[in-house]
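Engineer: Residues per chain, in single letters:
2 protein chains.
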Amino acid sequence: MDLDHGRISFHNKEVLVRIKRFQRWVGCVAVAAGLLLAVAPVAADEGMWTFDNVPVKQLQKKYGFTPTKEWLEHIRLASVRFNDGGSGSFISPDGLVLTNHHVARGQLQKVSTAEHNYVQTGFLAKTEADEIKCPDLELNVLMSMENVTSKVEAAVKPGMTDEQALKARKAIIAKIERDSLKKTGLRSNVITLYHGGEYWLYRYKKYTDVRIVFAPEVNAAYFGGDPDNFTYPRYDLDMAIFRVYENGKPIKSPAYLKVNPNGPKPGDLVFVSGNPGSTDRLLTMSQLTMMRDYSYPLRLAYIRRMRKVLREYAKRGPEQAREANMMIFALSNGVKAMTGEYKGLKNPEIWHKLEQREARFRKLVAANPELQKKYGNAWSQIEKSEKILMTRFNQYAYRRVPGFRVPRMAVQIVQYIQETAKPDAIRLPGYHDAQLPSLRFRLFSPAPVYPGMEEVLLADQLKQLKQKLGPNDPFVKAALGNADPTALAHQLISETKVVNPAFRKKLVNGGAAALAKCHDPLIVWAEKLAPILHQMHDWYQNNVESIVTPAEEKIGKARFAVYGKSVYPDATFTLRLTFGTVKGYPMNGTEAPPYTTMYGLFDRAYSFGLKYPFLPPKRFFEHEKDLKLSTPFDFVSTCDIIGGNSGSPVINRKGELVGLIFDGNIESLVGRFIYDDTASRAVAVDSAAIIEAMRKVYPTQFLVNEILGTHAK
Amino acid sequence: MDLDHGRISFHNKEVLVRIKRFQRWVGCVAVAAGLLLAVAPVAADEGMWTFDNVPVKQLQKKYGFTPTKEWLEHIRLASVRFNDGGSGSFISPDGLVLTNHHVARGQLQKVSTAEHNYVQTGFLAKTEADEIKCPDLELNVLMSMENVTSKVEAAVKPGMTDEQALKARKAIIAKIERDSLKKTGLRSNVITLYHGGEYWLYRYKKYTDVRIVFAPEVNAAYFGGDPDNFTYPRYDLDMAIFRVYENGKPIKSPAYLKVNPNGPKPGDLVFVSGNPGSTDRLLTMSQLTMMRDYSYPLRLAYIRRMRKVLREYAKRGPEQAREANMMIFALSNGVKAMTGEYKGLKNPEIWHKLEQREARFRKLVAANPELQKKYGNAWSQIEKSEKILMTRFNQYAYRRVPGFRVPRMAVQIVQYIQETAKPDAIRLPGYHDAQLPSLRFRLFSPAPVYPGMEEVLLADQLKQLKQKLGPNDPFVKAALGNADPTALAHQLISETKVVNPAFRKKLVNGGAAALAKCHDPLIVWAEKLAPILHQMHDWYQNNVESIVTPAEEKIGKARFAVYGKSVYPDATFTLRLTFGTVKGYPMNGTEAPPYTTMYGLFDRAYSFGLKYPFLPPKRFFEHEKDLKLSTPFDFVSTCDIIGGNSGSPVINRKGELVGLIFDGNIESLVGRFIYDDTASRAVAVDSAAIIEAMRKVYPTQFLVNEILGTHAK
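Taken in order, these protein sequences are the chains called A and B. By this note's numbering, the letter at position 358 of the first sequence is numbered 373, and the numbering carries on one by one without gaps. By this note's numbering, the letter at position 545 of the second sequence is numbered 560, and the numbering carries on one by one without gaps.
Treat the hints as calculated values from the structure; they're not laboratory data. A portion of the hints provided could be inaccurate.
[What the hints assert, rightly or not] Straight-line Cα separation of at most 27 Å, DSSO-like style, residue types lysine-lysine; simulated pairs: (1) K633/A x K640/B; (2) K77/B x K626/A; (3) K640/A x K626/B; (4) K640/A x K640/B; (5) K361/B x K358/A; (6) K633/A x K280/B; (7) K197/B x K437/B.
[Said to hold, decoys possible] A short, non-exhaustive set of chain A residues, derived as facing chain B with CB atoms under 7 Å: (8) N603; (9) G604; (10) T605; (11) T611; (12) G615; (13) D618; (14) S622; (15) I681.
Each residue gets a CB set at the ideal place from its N, CA and C atoms; glycine is no exception.
Chain A on its own, in the form it takes in the complex (with noise of 0.2 Å):
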């Protein structure tokens, strides 16, 4: 599992958004100032391709294959983005859409309760009107793509200073949204690919009535719990099903994939059309180098911290086990990746490839003199940026909203507040027109949020916050003073209101007026809170930013003149298309196979004794007789894949589903850092796998034939 969007690759909103904020401070310059590095000829099938770039004639050369614009056309409109953090696509024209279960976790546990646990025993709606509502689940299509570089680059006039040059980028790209939003009412975003190199317009169908169809057990679906996350020989039924409706009613979807009942075979392309979260492939060595040191081992420890805290609190009985278990998944998913990350960085032999690649690339832009007149003097500005950042490292680290969902959600509304008073471009992030009807959606959505692990985790990380900045600091006057954090997040989480969201939605559409008038304790230690971050955030963006996005582009520029286009941007959870063979791989000494099946998973589970997290639901031991057992069950390929391709699907050269991504192997972690297709695989799902089990296990032939059109719907 993984495969999701952000750093640590999780899916799961909350924990997403959470990692991705806490990732940008503490992964610093590296992480929010990446840049383009030469990967030069790119190898094997190394590759996250956006559509307007796809390798025709590496595809046409390796595979004898080449993609039409039709072809093309009808993957990326068949392509879903959960902008939980994962991927999925269309699969029948009356609006079906599969992803893995594991994207589809946080809305499952989000219209869960106590008694109704859905994560835990499966959810399958019989008849359209069973279908559940999803309380913030918003879908995404891309629907057209437009380069924008020259717009943006034009912004910025001759004699400006880096930070006016920097200001005068963010408003404009603010502007093309927002004038976007206004033309098409399509979501627009402008995204920053090949770290600067190129800016282009993304415009977005937005889709936020999705209901829950069929979902099987978490057992089933994420069989071999932590301990096989990540990893592969694997035997998961990793999906979920989802339907999605405007104006009360499922939508008509032409463009879906036709699911093939049979599978892929090895040795057969296949492709990946989803949203990589996020790589790091193009970084500096001083970037790299940051992250080794100071970034993983801080972020490690961060979330290993929180998983302690939500442990013990998971420990108090069933129902805080249940509110507790989606967060302590993600977060071990979390430790799990970083930790592959962190060690692939460490190894001696990687570090050294990566070193070489940058000195080839560096060669080549010294080599020639007008290259090397304008571009050569980025890599030194990158490092007197990270000087800088130095500087106040630990502040940049920790000033951050303690706690979990509901302080942020405090801190949210007050921003939002204060923000949208401001002319859009020099808002803070976030905060901008086009940003503003997603953010409301997850801002009002009514999903639970649990008081009680609330309560912990601001304890506990208003305490870090105390320990790691020390009493004095103006922050941490403001969020603690000299109360206990047992005592004051007690006080903080049950006497707020935050936790309505119709009081929520109530003070933001109030706007200041309300705001003055509000007395609610979270809300008065939100407005504590904003101005010092908003300081916090201007000393960034004048002093390290304004410094690495010149830098950055000026990178992204020397790539273009060296490589050409040749290459690909690191990931943006954004749409890409990759691919890829069917096949095994070198493992421990052995081979490991290009597809697991059936009987695999019952020699896993009863090579543990039929223990979780290696005990399947109980109707696969019930149905046993019925199942074909040497049906494939997952499959690997060498597709270049991360966090964020969760749920996409794999797709044959007819343009059919074959397969359900849902994880990266071990041997892929790396992958972050650097592409190699001797053992870095993509784990999916087979569909042959996904049709025997809804049809042999779970009572969802009905199902099976809207997906494969065998029955008039």
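Since the structure of chain A is provided, determine the placement of chain B on it from the hints.
Structural biologist: Relative to the frame of chain A, chain B by itself:
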């Protein structure tokens, strides 16, 4: 697979002998002169314990189990050494012996013909009359052990030079063996333990009429082939059953192990009684450095070259493939094992641990002035001997009999006649009186030789000799002269009568007179090599071994002085008891289970598309419905084993056989140098799988009845 005697873990005698010999020269001091190193407080389940020094207190403390004297004696007498290079045990009162298919494979090959390939088809004797006698299989049972250290030491008188001392030591050892053989009629070997810290006289009951009763097909025994070799999870029925005869009748074997048809449970304490071939845990760092920098690269290149020649030979036709497959299997096994070991030595973390281990020991020695005075210079003595060896390293490494079985037998015949004419004390190793019966048994073996294969190997190794030593080396001149290697090899092999066992026997028995009259071209050729081989041996003995042996003894004694007998000696292909727990381990990012099941066989087979080496015999598919697929198949334990332990029984507290050792996992390969129970595991066939397969898949219910005693024989 692996788990065999000798550095590179072969069971097949030819290969074993060849490689042991080879390793002696290229392993050099490092191999010939391993010595006792500070393992100090032995950790976890580490240790290959001699039966006189089983760590009873440790067992009592950790497992609450105290093996009685009777328990130990029963296990010892039920344990069988396969002189081919493996282990086994009695499993019925009427002489049935259980071992691995891969231990039996050499004999299966020898009784096979172009028409009946029992390696491929398996073999089953339906009645005793059908049991096939093995041509040259010798089994040993350890009847008694006697500490003769003081006797050996007493032979070295004050004032002797190193060279004189070494000769005196060898003479007394030969005498002890000779006297014991005469007195008891038992095979008598003086074993050097703790690299000279102790000398023991082991007396063995010897069996040479051993008949094959049952062996499954190689595709069941060695499912997964070379890729899965030395790895886990596994699904191998790596078993074979022999019956021991004397005077034409099955022996009575009252000390046999009862087979428990249910196998062990995870967490169970288990024991392994067998003959680990060799370890290098007590070598000095300078010896390990020699191995890492000279020995491993050279040996790996050598056996890869040999395998290449055989692979080409096997391509000539199915009969050639049948002839060569056993050796290709054994060499591939060796390449895989040695690669793992070599990687271990090149791993900086492991190297650091080894350095620390030596540093701790030497510090303890240095801290005691008396010890330092007596033993402190041993390490520099060993380094001195290494420098001397390096002056003639290439000669020492390559002046060996080129070719395979036939040329070696020719040289052995010549040496036999020459050496036995001398007093016992000064003969070349291998030709002492006490060693002659086993040597004659092998030398007169009626096992087939394959002239075509002999020829290509001889040709290539003549070529190699010339490449490595140059055309003017006296040994090259003697072996090849100005001849073309291919032509000479063809002439020698096609014209010699050494391929005929009767000829060999007649010549040996004819002694010097017969040799003088013999004009067989290969014998004449061997007579030219013999004096140069003898010179090389003398040079090594007088200049290197004479320094190393007393240095080893010193370190051995220093070790006892510092650590007492809380330690165990390096493996010497003599009987050892090891213990541990049935337990999974962390593997490649996840957990390996404590055992696999029969479901897994089908999973892995279908996962690779039912292609060799992942294709079980047809009968498994025919009887799938009869099988209880959840039956445990193979399991792992923390028992400390190595090559030579192949075929060892896994025994529970009650002294019942619950499994059959057949491999170590890839993580165990570094166990040649250092034991670590984190992931190092011994791999065994579960007795439950043996019984289930013999009941349901093979027509062997009558054997099950004999084994379980459920049926009058």
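Engineer: May I ask which of the numbered hints given earlier this structure violates, with the numbers listed in increasing order?
Structural biologist: Every hint satisfied by this model.
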